[in-house]
Amino acid sequence: DVKVTQSSRYLVKRTGEKVFLECVQDMDHENMFWYRQDPGLGLRLIYFSYDVKMKEKGDIPEGYSVSREKKERFSLILESASTNQTSMYLCASSTGVLQQYFGPGTRLTVT
Amino acid sequence: GQQVMQIPQYQHVQEGEDFTTYCNSSTTLSNIQWYKQRPGGHPVFLIQLVKSGEVKKQKRLTFQFGEAKKNSSLHITATQTTDVGTYFCAGRADSWGKLQFGAGTQVVVTP
Numbered sequence: 500d501v502k503v504t505q506s507s508r509y510l511v512k513r514t515g516e517k518v519f520l521e522c523v524q525d526m527d528h529e530n531m532f533w534y535r536q537d538p539g540l541g542l543r544l545i546y547f548s549y550d551v552k553m554k555e556k557g558d559i560p561e562g563y564s565v566s567r568e569k570k571e572r573f574s575l576i577l578e579s580a581s582t583n584q585t586s587m588y589l590c591a592s593s594t595g596v597l598q599q600y601f602g603p604g605t606r607l608t609v610t
Numbered sequence: 028g029q030q031v032m033q034i035p036q037y038q039h040v041q042e043g044e045d046f047t048t049y050c051n052s053s054t055t056l057s058n059i060q061w062y063k064q065r066p067g068g069h070p071v072f073l074i075q076l077v078k079s080g081e082v083k084k085q086k087r088l089t090f091q092f093g094e095a096k097k098n099s100s101l102h103i104t105a106t107q108t109t110d111v112g113t114y115f116c117a118g119r120a121d122s123w124g125k126l127q128f129g130a131g132t133q134v135v136v137t138p
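Residue numbers (the numbering used here), protein chains in the order written: chain A, 500 to 610; chain B, 28 to 138.
Hints were generated in silico from the structure; no laboratory data involved.
Don't take every hint at face value.
No more than 16 angstroms apart at the CA atoms, straight line, and that leaves these computed lysine to aspartate or glutamate pairs for EDC-like [unchecked claim]:
#	chain 1	residue 1	chain 2	residue 2
1	B	Lys-125	A	Asp-558
2	B	Lys-125	A	Glu-529
3	A	Lys-569	A	Glu-529
4	A	Lys-502	A	Asp-525
5	A	Lys-552	A	Asp-537
6	B	Lys-86	B	Asp-45
7	A	Lys-552	A	Glu-568
8	A	Lys-569	A	Asp-527
9	A	Lys-502	A	Glu-529
10	B	Lys-97	B	Asp-121
11	B	Lys-125	A	Asp-550
12	B	Lys-125	A	Asp-525
Taking beta-carbon pairs under 7 angstroms as the criterion, some of the chain A residues facing chain B (in silico) [stated by the list, open to error]:
#	residue
13	Val-518
14	Thr-594
15	Phe-601
16	Pro-603
We put the CB at the ideal spot given by N, CA and C, even for glycine.
Please take these sequences and the hints and turn them into a complete structure.
So this is what it looks like as structure tokens:
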């Protein structure tokens, strides 16, 4: 079974803090994705990566950056957290254009 | 840019009844995927449709891809309490493009 894990299920940070969200997949997938999920808005793509050290902006990249130093790991970075970044963050991985496998999500609260 | 819209946003269903949720794209899609997210869970892949007019069935779930490849539907017959959750469609405008998720249809089933 494909497993996608995320470093935290719940996270509370203060405004202005630097926040790291980690995602690890164990199926050697080349593609990895970061989404945020907000009520009524569905899943919105923040960043994705098709290969190690490669990254592409999604639909809402502002205020975020990413890092992919190893194939299995994709990190989302909030350089200076703001309250409007309070959300559920979901990581996913896939191979080719096949289905995406999602992690359990990290519910981030910025106070 | 490409937009994917789902209707309805909420669906209350009596156990045993049928219902349909619809997905419409502003552009022609290369393929479309459907995911289900149980309350408190993460999205899980259900199916992918690729061909114009394609119909696929999974037990009580019937998925259709429109002839023009701009819309899709999910029909559930004899709804059960296990069908509770949010159903997302996600479309891809070209073969290797990113997935665009709809806002989802949240389904509540009353016994």
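Hints and how they fare:
| no. | hint | result |
| --- | --- | --- |
| 1 | Lys-125/B to Asp-558/A | 10 angstroms, holds |
| 2 | Lys-125/B to Glu-529/A | 14 angstroms, holds |
| 3 | Lys-569/A to Glu-529/A | 10 angstroms, holds |
| 4 | Lys-502/A to Asp-525/A | 6 angstroms, holds |
| 5 | Lys-552/A to Asp-537/A | 28 angstroms, violated |
| 6 | Lys-86/B to Asp-45/B | 13 angstroms, holds |
| 7 | Lys-552/A to Glu-568/A | 6 angstroms, holds |
| 8 | Lys-569/A to Asp-527/A | 10 angstroms, holds |
| 9 | Lys-502/A to Glu-529/A | 14 angstroms, holds |
| 10 | Lys-97/B to Asp-121/B | 12 angstroms, holds |
| 11 | Lys-125/B to Asp-550/A | 14 angstroms, holds |
| 12 | Lys-125/B to Asp-525/A | 22 angstroms, violated |
| 13 | Val-518 | 20 angstroms, violated |
| 14 | Thr-594 | 13 angstroms, violated |
| 15 | Phe-601 | 4 angstroms, holds |
| 16 | Pro-603 | 5 angstroms, holds |
In summary, the structure is inconsistent with hints 5, 12, 13, 14 from the numbered list given earlier, while agreeing with the others.
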